[in-house]
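Going down the list, the sequences are from chains A and B. Going by the working numbering, the first residue of the first sequence is number 6, and it counts up by one from there. Going by the working numbering, the first residue of the second sequence is number 7, and it counts up by one from there.
What the hints contain is simulated information worked out from the structure, not anything from laboratory work. There could be a bad hint or two in this list.
Said to hold, decoys possible - Straight-line distance between alpha carbons at most 25 Å, and here's what the computed DMTMM-like set of lysine to aspartate or glutamate pairs gives:
hint	chain 1	residue 1	chain 2	residue 2
1	B	Lys47	A	Asp12
2	A	Lys75	A	Asp12
3	B	Lys48	A	Asp88
4	B	Lys61	A	Asp88
5	B	Lys48	A	Asp12
6	B	Lys26	A	Glu50
7	A	Lys72	B	Asp104
8	B	Lys47	B	Glu28
9	A	Lys7	B	Glu28
10	B	Lys48	A	Glu98
11	B	Lys61	A	Asp12
12	B	Lys48	A	Glu8
13	A	Lys7	B	Asp33
14	A	Lys113	A	Asp83
15	B	Lys61	B	Asp33
16	B	Lys48	A	Glu10
Here is how the chains run, residue by residue.
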Amino acid sequence: QKEVEQDPGPLSVPEGAIVSLNCTYSNSAFQYFMWYRQYSRKGPELLMYTYSSGNKEDGRFTAQVDKSSKYISLFIRDSQPSDSATYLCAMSEQNDMRFGAGTRLTVKP
Amino acid sequence: GAVVSQHPSRVICKSGTSVKIECRSLDFQATTMFWYRQFPKKSLMLMATSNEGSKATYEQGVEKDKFLINHASLTLSTLTVTSAHPEDSSFYICSARDPGGQETQYFGPGTRLLVL
């Protein structure tokens, strides 16, 4: 079993849809959880950073962490074509970071 | 967030030559940087951890004599792909730890290497 599982997609949604991206993990020691957005042929860009369980909202983006279920989510409201990218989840424990495979998202106008 | 740059953004070289990729932290000091490799439509593969003033720590299966890492200053780490071969063609990305102490990393824009 991989340490971090993420459905690679691809995921295609119409503009304005709510997008839900998810990762599961096996290491209960992870304390820090991140979502990165990566456009084609670019480096990953940090979108959301959360510590332990709970929700964090930033504009159209909401990150949720459920440590009891070892499950994290990223929600994108009112999705836009510019949101089309690969979204990578990442988690860390004592600066040892692990990444998901990334989910390719396409938002169609 | 912290800014990390990479140079060059793209490089094409002949088989057998060496290529150097630079990774710089632009507005902060980075005692630790990371080098990743990414194949098309795949996730990031950590190659090595670069520590300022000491030897890099390589992940299992990564040849340290093939991928030379130098972290000579607090703002610069270099990755040299020695005697490059077509199978070394890939997207190489560096990152640096958050200078504010958060357990996260900031990534450079990546370098696309094509070995002919």
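Violated hints - listed by number, lowest first: Of the numbered hints given earlier, those the structure breaks are 4, 9, 11, 13, listed in rising order.
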